[in-house]
Every structure is written in C-alpha cells, then in structure tokens.
Amino acid sequence: MWKIFSLLFFVVSGVNAQTDTLVLSNNDLIIGEIKSMNKNILGIETDYSDVDFKIKWGNIKRVYSKTNYLITISDGSRYNGKIRSINDSIIGIDAVMPDLVLKFSKNREDIEQPVGGKVEVPRNQIVYLNALDEGFWSRLSLNFDIGTNLTKANNLRQLTFNAGVGYLADRWKGNLTFNALRSTQDDVEPIKRTEVGAIYNYFLPKDWYLIYSLNMLSNTEQLIDLRTSNMVGVGNYVVHTNRSYLGFSAGVNFNNEKFQGDEKATQSGEAFLGAQYNIFDIGDLDLLTNVTVYPSMTEKGRLRTDFKFDIRYEFKFDLYFKVGTTMNYDNQPTEGASELDYIFQTTIGWSL
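If you use this note's numbering, the sequence shown corresponds to residues 775 to 1126, in order.
Hints are computed from structural coordinates only; laboratory data are not their basis. It should be emphasised that the depicted structure is a prediction, and the values quoted were computed from it without experimental measurement. Zero decoy hints are in this set.
Just the calculated beta-carbon pair ranges, DEER-fashion:
| # | residue 1 | residue 2 | range |
| --- | --- | --- | --- |
| 1 | L1047 | G866 | 36 to 42 Å |
| 2 | L916 | D862 | 34 to 40 Å |
| 3 | N949 | N801 | 38 to 44 Å |
| 4 | V1012 | T1108 | 35 to 41 Å |
| 5 | Y941 | V1026 | 21 to 27 Å |
| 6 | K828 | K1038 | 51 to 57 Å |
| 7 | N923 | D868 | 50 to 56 Å |
| 8 | L1000 | F1089 | 32 to 38 Å |
| 9 | D868 | S1112 | 55 to 61 Å |
| 10 | A1039 | K892 | 53 to 59 Å |
| 11 | L798 | G1043 | 52 to 58 Å |
| 12 | D1092 | D868 | 26 to 32 Å |
| 13 | S1112 | V1067 | 14 to 20 Å |
| 14 | K840 | N801 | 21 to 27 Å |
We treat Cβ as the ideally placed atom computed from N, Cα and C, and that holds for glycine.
Generate coordinates for the entire structure from the input sequences, incorporating the hints supplied.
Written out as structure tokens, the structure reads:
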C-alpha cells in the first residue's frame, strides 16, 4: 500500500513540476527530465546528480511525462506527442503523426492538418524518443574520436581523426562525416586518406526512406586524387528494434574520378546495393557493419565494394573506445594502384 501512495505522490508531483517520472522494474522511482531514448538506452537528467542517468529501456516498467517527443515505433511509424504508461507493458501516446495529413476545404482553400489522436503501443515497440521542447540543440548529435601510433622502428608516425555531426527532424535526418588518416615512415612514401561525406534521408511510411549522399575521397594507396560520388536511392529497415537495426538500400551512383598522373577526370555511372547491420543490446558494446557494392553501368566488368566494421565500447561521461576497419576494393583500379585498400583504427572519442 505504501508503494502505491508513493507512486501516486511522485507522479502527481512530477506533473505539477512539469518533470518526468520513471518506475523501474524493481519499483524504484526516478524524477527528472527525460532527454532521449535511443538504442535501448534512456537518458534522464535529475536535480540530484551532476551527470545524466542512463537506464536500459527494458528495465523501465512505467513512464509518465508531459514533454513533447519525437517518437519512432518499430514498424516505422513516427509521432510527435506525449507519452504516459497505461500499465506495465502498454504506453499511451497523445500524438500527431507527421506521416499522415488530413486535407479539408475552408472558403474554397485546401488546408492540410496533421492527423493525431491517442495511440496505444507495447512499450518494447518504442525504439526512439527525443525531447522536442529544447528546440534545435535537442535534435543535434555530435561525435569525434582520435588515435595515434608512434614506433621507434622505421620512425613510424600515424594519426587518425574522425568526426560527425547529425540533425534529426520530423521527416528527415542529415549527417556530415569527416575521416582522415596520415602516416609517415622512413623509406616509405607518406600515406594520406581523407573522406568527407554528407547523407540526407527523407522518411517514408513503414520504415522506408529516400537517400541522397555526396561523398568525396582522396586515397594515395589507390592513387585517387579525388573521387566525388553522388548517390540517389531508396532504403528500408527490415528489422528495427531495441536490440538491432537491419537495413537495405539500392539506387544509382554517379562518379567523377581524378587519378594521380591523369590530366583529366573521368565520369562513370554505377548501381549500388547496400546493407547495414547495427547490434547494440550487448552491454556497453555497439557493433556496426556496413557494406555497399557498386556494379558499374558504364565500364564493362568493373565492380567496387566499400566495407566498414566498427566495435565501440561506451564509458561514462559519453566517452567511448572504438576499434574499426574500413576496406575499399576496385577490381579495375587505375594503372599502378592497388585493388584493395584497408585501414585498421583504434581510437578514443566522445559523443553528444
């Protein structure tokens, strides 16, 4: 009986103070401000802690909040609205669905109004939450990591730097990435690899999305002065849960390539087939695999492949340790270049 009165008191207090209330699986209560939930981890800020609490979504029995959230369900549905537990396994969403628009006429003018209402979903089908009341900064993400190798033998000096920034809106998201590798060694030509990418995804119903990607690569191992790629396509998440994402994509890619020693750049067209698999419900580990195959449409027999695999271990204070590899394969490289280039990185980073 005491637990019931305590729960009612904290819930009412939280509502009056416009704060959020969590009831954990062991019936502990946390009062604070929910920031986000992604990859099965919920972050909540409290007045009595210097850092945000991070709690597994599966360890939360009930949640009560009057904050507006951007909400994603495992079937790909997206809502803007408030959440409140109905029981231990069902959450009610008082929401608007950006995917659906109701059209009606007033004074002979068509007016669009988002469709909303109350929706009830199983708690384990909510895969993403992001508080919207904080405006622009609440939708922004940032990460960077750095690694270095120094050896006396052959006077090896190597530096790796990676950075990324992303923004998530109601119907789209954008990401900018920068990756650089510099390596010098006695009696060996310096190795340089620089990659800059911009990706835009526009969300469609049922976890479909449109893709536009601009990528620029410079790579001394494959004698690439600059390769500029423009990719347009469509993708779908066939698995979208609090344990993993599995998505596939396909489309076309237009290349502009300038190789070392060539006076002019060459243009080519390719199709692309991609797959991405992200596993994250394994303690503090996060595994990401990404592979894209590019069969050429304009150069007979040419086939390129990009492969990336990262293992990331999360520490406290948003710090992480990452081990990763990136491979680029081209069965018809320019004269004197390698078919395969790969890098292996160990870095320390921070994410926001």
